[in-house]
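**Q** Given next are the chains, with one letter for each unit.
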Amino acid sequence: MATSMRAVLSVPMSKRDHVQGPETAPVTLVEYGDFECPYCAAAHVIIKEVEELMGDKLRFVFRHFPLTQIHPHAESAAEASEASAAQGQFWEMHDLLYENQPRLDRPHLMMYAEKLGLDSEKFAREVDKGVHRERVRGDFLSGVRSGVNGTPSFFINGVRYDGSWDIGPLVEALETAAGRAS
Amino acid sequence: MSTDNNEQQSGVAQSALPAGTVAPDFTLPSTPDQKVSLSDFRGNPVILAFYPADWSPVCGDQMALYNEVLPEFQRFGAFLLGVSVDGAWCHAAYREHRKLHFSLLADFEPKGEVSRRYGVYRKQEGTSERALFVVDRDGRIAWSYVSPIGVNPGADGILKALENLSQKKVAHGN
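One line per chain: the protein sequences are A and B, in this order.
Numbering-wise (the working numbering), the first sequence opens with residue 1 and increments by one.
Numbering-wise (the working numbering), the second sequence opens with residue 183 and increments by one.
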């Protein structure tokens, strides 16, 4: 009987991904996350610190993995971040959503769009019509095929990271991967 | 079953039925007044997801994940059945609370009997292992996997097994 499966990223990074950090970074951290997942909100704070600490050595990618049956606002929040991305402000919305996790209903999403100075009519239309649903589902399925088993799930240079995502162990794992790559 | 004796002697868990074995048929309650047999699904692939207990956090994540992935399983014509030793009323409450759209079977009386027959019963804890089986449309095990008890095995292994089955089906032209 097999007792372990080595999970690797089934869909490599591409232009469609939301990316922070330089292309030349020796280590890439991919997160599959859900805006309504409390663990993801906790991880969000840690990732910010990790990015600060690692600077140009790190590239960070966010992909959607909304668990819509247990998190009623996760899907619309994910689609809202894509509607914001369509206006060039994915990360700004990403941060706002995590920072305001208990307030992800439609009026709040609209408020965040206005706060970011988005074309709020276009934003509302896209969210209401589910224009970005396919994109979100695409991320979700790529996660399933990569062995994502819950949120947040992390991949370091394409391999699933099953260790602790406390800042110490996470930075250590990233530094090790960076050292190996360069 | 002789494996029960072996288990007692060696003190280690039984091993799960491997691919190629005929999946033992069973009938278990799916609700307090309904029963389901494995053979009911003959002609379609079946995913059996044994798990230790309703309500425990990792299981929750695993079942929540399968709930989301359900449309993908359905694309292969596959049915998903969760199995644990919890009773039918417990399953009913858990299903409703988590809004699960698939059946949870109660391997409750005699306790764990089906789990034992599949080689995935943890005698000491009195629960099922966290184990997955993909049964083909002829009732044979096509893939099986036992996960460490605290680790959610995800859905990628299941999808790969279903994909292999559908390719085989195409190759055989039926």
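Check before you lean on any hint, since a few could be wrong.
Claimed, not checked - BS3-like, lysine-lysine: derived pairs with alpha carbons at most 30 angstroms apart: (1) B/Lys217 with B/Lys305; (2) A/Lys115 with A/Lys129; (3) B/Lys350 with B/Lys281; (4) B/Lys293 with B/Lys217; (5) A/Lys129 with B/Lys281; (6) B/Lys342 with A/Lys15.
Stated by the list, open to error - Restraint ranges, calculated between C-beta atoms of paired labels, are given here: (7) B/Asn226 with A/Val171: 43 to 49 angstroms; (8) A/Gly117 with B/Gly308: 57 to 63 angstroms; (9) B/Glu278 with A/Ser10: 55 to 61 angstroms; (10) A/Val171 with B/Arg224: 49 to 55 angstroms; (11) A/Ile167 with B/Glu291: 26 to 32 angstroms; (12) B/Ala275 with A/Arg125: 49 to 55 angstroms; (13) A/Thr24 with B/Gly332: 46 to 52 angstroms; (14) A/Ala181 with B/Ala353: 38 to 44 angstroms.
Source of the hints: derived by calculation from the structure; they are not laboratory data.
None of these values were measured; they are calculated from a predicted model.
Where is the CB? At the ideal position from N, CA and C, for every residue including glycine.
**Q** Decide, hint by hint, whether the structure agrees.
**A** Now the hints, each set against the structure:
1. Our distance criterion of 30 angstroms between C-alpha atoms is met by B/Lys217 and B/Lys305, whose separation comes to about 25 angstroms.
2. Distance restraint check for A/Lys115 and A/Lys129: the Cα-Cα separation of roughly 22 angstroms lies within the 30 angstroms cut-off, and the hinted pair is therefore satisfied.
3. Note on B/Lys350 and B/Lys281: the hinted pairing is violated, with a Cα-Cα distance of about 34 angstroms set against a maximum of 30 angstroms.
4. Distance restraint check for B/Lys293 and B/Lys217: the Cα-Cα separation of roughly 16 angstroms lies within the 30 angstroms cut-off, and the hinted pair is therefore satisfied.
5. For a cut-off of 30 angstroms, the pair hint linking A/Lys129 to B/Lys281 stands: about 25 angstroms separates their Cα positions.
6. Straight-line distance between C-alpha atoms of B/Lys342 and A/Lys15 comes to about 26 angstroms, which keeps the hinted pair within the 30 angstroms bound.
7. At about 48 angstroms, the beta-carbon gap between B/Asn226 and A/Val171 stays in the expected band of 43 to 49 angstroms.
8. For A/Gly117 and B/Gly308, the hinted distance range of 57 to 63 angstroms is satisfied, since their beta carbons lie about 59 angstroms from each other.
9. In this structure the supplied range 55 to 61 angstroms is violated for B/Glu278 paired with A/Ser10, their Cβ-Cβ distance being about 33 angstroms.
10. With their beta carbons about 53 angstroms apart, A/Val171 and B/Arg224 fall inside the hinted range of 49 to 55 angstroms.
11. The given range of 26 to 32 angstroms is broken by A/Ile167 and B/Glu291, whose C-beta atoms sit roughly 49 angstroms from each other.
12. B/Ala275 and A/Arg125 have their C-beta atoms about 40 angstroms apart, which leaves the hinted 49 to 55 angstroms range violated.
13. Between A/Thr24 and B/Gly332 the CB atoms are about 38 angstroms apart, so this pair departs from the stated range of 46 to 52 angstroms.
14. Hint check: A/Ala181 to B/Ala353, Cβ distance near 40 angstroms, so the stated range 38 to 44 angstroms holds.
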